[in-house]
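K.L.:
The task is simple: from the sequences and hints, build the whole structure.
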Amino acid sequence: MSAKLEEAPEQRKRELALEVLELGPEASLFEVRNAYNHLKELYSSSEGGSIALNPLLDEISDGEREALLAEIDEAYAWLSTHTDGRAGVQSPSALVRMNDEVREAIAGIERFDGAALKRVREHLGITLNEIELVTKIGLQHIRNLEEGNYASLPEGVYIRGYLGALSRCLGLDQRRVADDYMAAIEAWKAARQQ
Amino acid sequence: MELPEARPLGSPEIWAVGGGKGGTGKSFFTSNLAFSLAAMDKKVILIDADLGGANLHSFLGIKRPRTTISTFFEKKIPLKDLIIDTGDPRIGLISGDLQALDADDIKYTQKLKLFRHIRGLEADYIIIDLGAGTHNNTMDTFLLADRMLVVTVPAVTALENLYQFIKNVYYRKLKMAFGKRGLKDRVVETWRNREALGVKSLRELVDRLREESPEMEDFFRQEVDAFRVGLVLNMIRHSADVQLGASVKSVIRKYLGFHADYAGYVRYDECVLRCLNSGTPFYTTYPSNRSTREIEMLARNILSGRNMREVM
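Read top to bottom, the protein sequences are chains X and E.
Heads up: the first sequence at position 24 corresponds to 24 in the numbering used here, and the numbers run straight through without jumps.
Heads up: the second sequence at position 69 corresponds to 69 in the numbering used here, and the numbers run straight through without jumps.
Only true hints are included.
Here are a few chain X residues that sit away from chain E, every Cβ distance over 10 Å (derived from the structure):
| # | residue |
| --- | --- |
| 1 | Glu10 |
| 2 | Arg12 |
| 3 | Glu26 |
| 4 | Ala77 |
| 5 | Ser80 |
| 6 | Arg121 |
| 7 | Glu122 |
| 8 | Gly138 |
| 9 | Ala190 |
Which stretches of chain E does chain X cover? Using the computed rule of at least three CB atoms under 8 Å from a CB of chain X, they are:
| # | region |
| --- | --- |
| 10 | 147-157 |
| 11 | 236-244 |
| 12 | 248-255 |
These are computed hints drawn from the structure, not numbers from a lab.
Just so you know, even glycine gets a beta-carbon here, dropped at the ideal spot from N, CA and C.
P.N.:
Set out below in structure tokens:
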């Protein structure tokens with residue numbers, strides 16, 4: 001199945017890749033990455049994974065699932081190098097590539113504090129301006145989040161909102177990031193009171 | 001079965017709500033969808049075709065009506081005379097009955113007559129609540145709709161039933177189209193011999209039938225490729241559930257082989273049950289709840305064919 005993309009004529013490649021990732025023709029790089037992460041996670045599980053897939057697992061062999069995952073990888077690899085790093089202002093050279101190396105680096109993160117978020121962002125080659133453009137969160141807030149300037153951050157409920165938006169941009173697990181980060185803030189607050 | 005004809009101008013658009021499992025909120029969704037559309041100044045007629053559980057009227061806050069859809073078959077009264085006043089001039093109800101569309105003695109010709117009458121009703125939208133059934137009549141009704149909607153909840157059992165329902169519907173569609181050309185056996189035989197033929201899924205069945213039946217290519221292109229189901233995810237409780245809709249949509253595309261639109265989701269809201277039990281319509285009692293707004297969003301998405309993004 002993964003031969004399909006290779007063999008297709010150039011003009012058809014985009015269409016095929018978009019179809020695999022289930023995206024529309026105007027998909028931005030962020031959408032491409034999010035679709036990739038979602039589908040990769042969905043089809044990677046064999047037992048005990050998404051309940052969306054479980055009911056059909058007995059119809060699908062492991063081999064087929066592997067083939068589908070390979071197709072998804074291929075589609076992403078192609079799209080991520082053939083889609084503008086669409087952020088409007090920044091140049092198209094801000095291309096983002098999620099490869100195994102980057103994914104491993106992200107998987108290796110033990111705690112998502114500001115520094116970890118910054119590392120992920122830099123690994124993915126995304127600028128602060130692009131984050132601002134997409135999430136509409138002010139640059140200073142994002143900087144404060146990354147630098148761990150807890151004293152300058154707004155109320156808890158806003159921080160969660162920002163973290164959520166930031167996680168989505170970076171293709172990270174929202175819940176995990178929020179939990180880790182809020183724990184770090186709590187620890188800081190507790191330390192201050194002593 | 002006749003292939004659906006082009007809808008004549010001015011005739012209502014028919015939406016069917018199914019899904020194959022009880023308790024997922026089809027009646028809740030149908031009634032509130034009607035209120036949403038009415039709020040956009042559309043005229044809506046609801047038809048309760050839920051076998052063994054006709055309770056659309058309860059969600060609309062009206063008492064169990066006396067005339068039902070059975071009266072159409074038994075007394076041969078025109079369908080439009082069976083529309084009940086719901087208290088809202090923009091919404092009419094044709095109530096259901098335990099017998100309704102299940103009875104084997106409803107002949108095929110009677111079914112066609114019913115559908116003709118449905119098309120002749122004066123409304124912008126007709127929404128048919130099919131309930132949990134998977135009987136042939138239910139599936140036929142579902143297939144005849146202009147838009148097919150399924151309601152499910154984030155539970156593995158509901159999804160099991162959902163996939164089974166859609167597969168059955170799709171398979172029935174195949175059988176009937178092939179049957180029209182005298183080829184019904186081809187579908188049944190291919191499926192029966194699937195192990196020997198290496199056909200492991202519905203999608204592979206379709207691919208194989210398509211390869212082997214070039215004379216049916218028109219059907220495949222117009223009917224099968226255009227087969228779309230609208231997915232409604234009801235009673236969600238976590239933001240992670242939102243993405244489940246996108247996952248189900250993907251699984252349907254990749255393993256069942258056709259398009260699903262993730263029309264939207266509705267969060268679990270305890271006001272719903274409270275309203276149901278006290279006989280007041282949820283939509284008008286709690287117009288500003290988040291779940292109410294989510295239904296409005298759903299209505300807009302279904303009207304425009306838009307899909308929900310996977311992040312909230």
